[in-house]
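J.: Here is how the chains run, residue by residue.
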Amino acid sequence: GAVVSQHPSRVICKSGTSVKIECRSLDFQATTMFWYRQFPKQSLMLMATSNEGSKATYEQGVEKDKFLINHASLTLSTLTVTSAHPEDSSFYICSAGPTSGGDLARYEQYFGPGTRLTVT
Amino acid sequence: QKEVEQNSGPLSVPEGAIASLNCTYSDRGSQSFFWYRQYSGKSPELIMFIYSNGDKEDGRFTAQLNKASQYVSLLIRDSQPSDSATYLCAVITNTNAGKSTFGDGTTLTVKP
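Taken in sequence, the protein lines are chains A and B. Position one of the first sequence corresponds to residue 1 (the numbering used here), numbered consecutively onward. Position one of the second sequence corresponds to residue 1001 (the numbering used here), numbered consecutively onward.
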């Protein structure tokens, strides 16, 4: 299967600071990547769709000015949590997949290992 | 009604038994169906995907899709304690630009 990496795997930051999380597709190009957040014992919550070369599409209720997404190349998307607060502490996971024949509805997604953010 | 619903669980089976995980979806336009396994504290791992009606087998895993009844299932044969995890069903429709809609997951425990 395809490989997606994330960095860092774990980060602790102080309230009010910003944190950048990187998501890379290692052996394929990804025009689209997805960012999720998961709180303990809860399901995945899609935050936004990252589109290479264009603006990200945010899900309802997700603040685009707080969660900045940049998809500058076909293998890298970044999520920056700005002015982090303790309630932003969560497990952030990205996913991407090699598109099959350009049909976005027929490709499997592979998840990165996740980034555990703790805001103190 | 949720777009993707799974057995509420938790599900417990003895080692060596068959574990059956079920998932129903509401959008008839759904085209692609995925099963992910998530161990506690880890990110999801893709274990099966299926696009066409019928069965798809991969080792001990079999995915079954019935579009007319709008359900997809995952069978795990000869269950092992290492299969203990939360299993997530995900669906992609032809209108949501490749976004997956996930069920809440079913937690499986395989007892030695």
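Bear in mind the hints are in silico, worked out from the structure with no lab data behind them. Hints are not guaranteed to be accurate.
Within a straight-line C-alpha distance of at most 25 Å, the following computed SDA-like cross-link-like pairs (lysine to any residue) qualify [unchecked claim]:
1) B:K1042 with A:E59
2) B:K1067 with A:Q38
3) A:K55 with B:K1042
4) A:K64 with A:C13
5) A:K66 with A:Q42
6) B:K1002 with A:C13
7) B:K1042 with A:Q38
8) B:K1042 with A:A2
J.: None of the hints should be skipped; say for each whether it holds.
T.: How the hints compare with the structure:
Pair hint K1042 (chain B) plus E59 (chain A) holds up; C-alpha atoms about 23 Å apart against a cutoff of 25 Å. Under the criterion of a C-alpha separation no larger than 25 Å, the hint pairing K1067 (chain B) with Q38 (chain A) is inconsistent with the structure, at around 29 Å. Restraint check for K55 (chain A) and K1042 (chain B): not satisfied, since their Cα atoms lie roughly 29 Å apart, outside the 25 Å limit. Distance hint between K64 (chain A) and C13 (chain A) is fulfilled; the C-alpha atoms sit about 20 Å from each other, no more than 25 Å.
Taken as a hint, the K66 (chain A) and Q42 (chain A) pair is honoured in the structure, with Cα atoms around 22 Å apart against an allowance of 25 Å. For the given pair, K1002 (chain B) sits about 36 Å from C13 (chain A) by alpha-carbon distance, which is inconsistent with the 25 Å threshold. Straight-line distance between C-alpha atoms of K1042 (chain B) and Q38 (chain A) comes to about 11 Å, which keeps the hinted pair within the 25 Å bound. Proposed proximity of K1042 (chain B) and A2 (chain A) is supported: the alpha carbons are some 17 Å apart, at most 25 Å.
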